[in-house]
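Visitor: Sequence:
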Amino acid sequence: MASTFSFDIVSDFDRQELVNAVDQVVREIKGRYDLKDTATTVELGEQSIDVNTDSEFTLDAVQNILREKAAKRNLSQKIFDFGQVESASGNRVRQEIKLKKGISQDIAKQISKLIRDEFKKIQASIQGDAVRVSAKSKDELQAVIQRLKQEDLPVALQFTNYR
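Residue numbers for the sequence shown follow the working numbering, so the first one is 325 and each next one is one higher.
Read the hints as simulated data drawn from the structure, not as lab findings. None of the values given here were measured: they were computed from a predicted structure. Using N, Cα and C, we set each Cβ at its ideal position, and we do this for glycine too. One or more of the hints may lead you astray.
What follows is a set of in silico ranges between Cβ atoms, one per label pair, in the way DEER data are often shown [claimed, not checked]: (1) K437 x Y357: 49 to 55 Å; (2) D361 x R487: 52 to 58 Å; (3) G452 x S413: 37 to 43 Å; (4) Y357 x E464: 54 to 60 Å; (5) E392 x Q451: 32 to 38 Å.
Generate the whole structure from the sequences, applying the supplied hints.
Guide: Quick look at the structure:
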């Protein structure tokens, strides 16, 4: 009897690395001359990061610092969903940056359709916010991983439970 191999496609991020990145952002804001007196706050919540600062110019600088620190910690830029810039009290601006986790149904369907169309011997099944891919050959699974890495999807993909 031939055994089957499988892996899961998920969209997740290392929470601790994100905590460290946000901590580095806060430290850099306190140390940088151009941001020191802006009373900027960066708060990490369960589902989002809230930034409160004195102008859109400093907000842009904070976003760049966040992207840079996240990239250094191997966090994908695709986990950040930058919301609308809102006016806050006293000429200040606020922005909520949502954290994307999990694969939506639409994207999961898109991934499984791509696998079905291009790889005839491979099964893809949607399981909640993940996609399970199974095949008889590990080489076929490797080909699927390589193909999905080339695809530009709006979420960061990780491949887990490879067996």
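Visitor: Does each hint fit the structure? Answer for all of them.
Guide: Each hint tested on the structure:
1. K437 x Y357: 49 to 55 Å: The hinted range 49 to 55 Å holds for K437 and Y357, with Cβ atoms some 52 Å apart.
2. D361 x R487: 52 to 58 Å: holds (54 Å)
3. G452 x S413: 37 to 43 Å: holds (41 Å)
4. Y357 x E464: 54 to 60 Å: Once the Cβ atoms are compared, 55 Å apart, the range 54 to 60 Å for E464 and Y357 holds.
5. E392 x Q451: 32 to 38 Å: Taking Cβ atoms as reference, E392 and Q451 lie about 35 Å apart, which means the hint holds.
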